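Trainee: Please build the complex by placing chain P on the supplied structure of chain Z, with the hints as guidance.
Chain by chain, the residues:
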Amino acid sequence: MATMRYAEALRLAMTEEMERDPNVFLCGEEVAQYQGTFRVTEGMADRFKDENHGLRVLDTPISEAGIAGLVTGAAMAGLRPIAEFMTWSFAILALDQIVNHAAKILYMTNGQIKVPVVFRGPAGTGNQLSAQHSQSLEAWYAHVPGLKVVLPSTPADAKGLLKTAIRDDNPVIFMEHAGLYSQRGEVPEDPNFTVPFGVAAVRREGKDVSLISYSHAVGVCLSAAEKLWQEAGLSCEVIDLRTLLPLDMDTVLRSVQKTHRAVVVQEEWKNVGFVSELASRIYEGAFDDLDAPIERVGGPFVPMPYSKPLERAAIPGEEDVISAVKRAVA
Amino acid sequence: MAKAATTEHNVPSREALQGLDRATLLRLMHIMLLIRRFEEPCDKYYRAGKMGGYIHYYIGQEAVATGIIPLFQPGDLMITHYRDHGYALALGTDPKRVMAELFGRATGVAGGKGGSMHLVDVERGFLGGYGIVGGTIPLGVGAAFALKYQGKKNICASIFGDGSMQQGVVHESMNMAGLYKVPCLFVLENNGYAMGTAVARHSAQTDFVKRVTAGYNIKGESVDGMDVLAVRAATNRILAQMRETGEPYFLEARTYRYAGHGYADNAQQQKFYRTEAEIDKWRKRDPIEHFREQLLAAGVTTEAELNAMDEECKAIVADAIEFADTSPFPSPDSLYEHVYTDM
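Those sequence lines, one after another, are chains Z and P.
If you're matching positions, the first sequence starts at 22 in my numbering and goes up one per residue.
If you're matching positions, the second sequence starts at 15 in my numbering and goes up one per residue.
Chain Z extracted, bound-state conformation:
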């Protein structure tokens, strides 16, 4: 074990996998010479500069659709690319390549052409980045058959899930959270360490209410759970889904069958959000076990505002989770 930041864990995962498999390469805007917009790729260009015509860590023009298509085509021809988006907000420009090409090519070719590509970069809200840089769009991708959707919440998961993503033969949507890049944690140094997809983590055990979340919101749930225990004696179980596709409903349902109450939490717009799907699946799988309606916590239905107090009101926080739990147990 070593203590490192989430961003460093991501870099370690990529570096290890590139050392392990010469077909893995990384490209994106400012990933090489500039050392990465969030320093996630710092030092990597230098480490691999002499290999494969200098193409292993590659700076690209600001061409998101072109980047997504280039890596998809490279994957179809046998490579295992990692494409970094400077933020997932810019990946909207690449949706045709991701949704209409990368996700569907295996199916359209009846299994003959696989697309082992990782699309990664920061997502999520915060830092007064306002409407066009601050949002959580994971539900869009979780809606699409053919994609896997991964949102790590800890440095160890950042490393372990990214390594699994790079080794996966399907296109993986890997959404980091800019607000987690500097978070420190224990990370296994073993290069064989990976975290499997489709296995949720119980981050805190509890018996009264299940808080189900992923990415940065897991931390919000954990602090809310601690406060609820300290102040109200309520015991909350906190589940980190880790991957939305595949989705580990077994762990979720087991928890709800124990607590009989569920609060689903994420930063995204609540309207047609992933937590709505999650709530439906809980109703389908554990309706008779529920003692209260499921509470959904999500963002208000507004583009992200700039001004600090407005932004604070637009990102669900600890207080929103606490209120939802109190409604659930009322």
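Rather than coming from a laboratory, the hints here were simulated on the basis of the structure.
Worth double-checking, as some hints may not be accurate.
[Said to hold, decoys possible] With a cut-off of at most 30 Å between alpha-carbon atoms, the simulated DSSO-like pairs for lysine-lysine come out as follows:
(1) P:K233 - P:K58
(2) P:K295 - P:K328
(3) P:K110 - P:K195
(4) P:K195 - P:K166
(5) P:K195 - Z:K70
(6) P:K166 - Z:K70
(7) Z:K135 - P:K110
(8) P:K295 - P:K58
(9) P:K167 - Z:K135
(10) Z:K347 - Z:K248
(11) Z:K70 - P:K233
(12) Z:K279 - Z:K291
(13) Z:K70 - P:K167
(14) P:K328 - Z:K135
(15) P:K233 - P:K195
(16) Z:K135 - P:K298
The structure presented is a predicted model; accordingly, all values stated were derived computationally and were not measured.
Mentor: Just chain P now, kept in the frame of chain Z:
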């Protein structure tokens, strides 16, 4: 340009047939005839409900695929759009399995999952036909990137139409191809129309070679896409150069689509955007007829031999239809197969 260069005794010069041997010349004719005979009966089966979705015909453009594709070497790759029957047939994909795909049968090249627009033949390097105009251009650049990355001497051919030239991602991709110098052969099949919109009505710059060479630092040229030998000669030279340099190239083939854009774009619909006279003018330059005249004039073959070849192609197509129509539909279980490699 339309007619073969001839001597004063009306015997085509060796140059006109580019020194190609008889077997090669007849093979090219066979491919063009097969493509045409393959597509001709499709309307009938479409109307009968044996085929569905969208179907886009290649008739009129046969010289382009036929001039280019037989020059591929093992390890070369190709990716293209939805007007893709001609490419698969030129590549040597089994016509039975192509027809079965159009019929939506389990024996089709994509197991009935793709249909007319989404043919594929991985064994022969054909990475597939795709349905989003311009959407394959970055994929082709990516495949060429992989070839360079792996240190291979192969090329990836990326074939598309003039409508593609106005998609934003094409600008992005050609820029990257020129920037990274990857062995992508861009083949623009300029058939004059983006669906029903003529080139002059969709492109501020109608000289596409000028646009690409100036804009992306990629070498390029234009060729008569109705003349199979001209297309072949240009491609031969270009591929030799690309295998040497590993750099991209842009080849515009000027050709013409006799049929509408797709099945729904019938004769009545086409009156809104083009005239019978225009279609007739291009038909007079028909690539198959033109090549037939060249071969006969040069004494390479006889009417009887060409007629027999034509009958053979019709028989191949009849067999393909029989195979397709008697093949099973995909099993219901296959609905969920190949969404993922592992789940």
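Trainee: State for each hint whether it applies.
Mentor: Okay, the hints, checked on the actual structure:
Between P:K233 and P:K58 the CA atoms are separated by roughly 43 Å; this puts the pair beyond 30 Å, and the hint is violated. With a C-alpha separation of about 26 Å, the suggested pair P:K295 and P:K328 falls inside the 30 Å cut-off, and the hint holds. Simply put, P:K110 and P:K195 have alpha-carbon atoms about 38 Å apart, too far for the 30 Å limit, and the pair is violated. Between P:K195 and P:K166 the CA atoms are separated by roughly 14 Å; this keeps the pair inside 30 Å, and the hint holds.
A distance of roughly 17 Å separates the Cα atoms of P:K195 and Z:K70; the hinted pair therefore holds under the 30 Å criterion. Taken as a hint, the P:K166 and Z:K70 pair is honoured in the structure, with Cα atoms around 19 Å apart against an allowance of 30 Å. At most 30 Å may separate the alpha-carbon atoms for a hinted pair to count; Z:K135 and P:K110 meet this at roughly 25 Å. Annotation: proposed proximity of P:K295 to P:K58 holds, straight-line Cα distance about 26 Å (limit 30 Å).
For the given pair, P:K167 sits about 23 Å from Z:K135 by alpha-carbon distance, which is consistent with the 30 Å threshold. Straight-line distance between C-alpha atoms of Z:K347 and Z:K248 comes to about 12 Å, which keeps the hinted pair within the 30 Å bound. Taking the CA atoms of Z:K70 and P:K233, the gap is about 28 Å. The hint holds against a cut of 30 Å. For a cut-off of 30 Å, the pair hint linking Z:K279 to Z:K291 stands: about 26 Å separates their Cα positions.
For a cut-off of 30 Å, the pair hint linking Z:K70 to P:K167 stands: about 22 Å separates their Cα positions. At most 30 Å may separate the alpha-carbon atoms for a hinted pair to count; P:K328 and Z:K135 exceed this at roughly 36 Å. For the proposed pair P:K233 and P:K195, the alpha carbon gap of about 11 Å is at most 30 Å, so the pair holds. For the hint linking Z:K135 to P:K298, the alpha-carbon distance of about 44 Å lies beyond 30 Å, and the restraint is violated.
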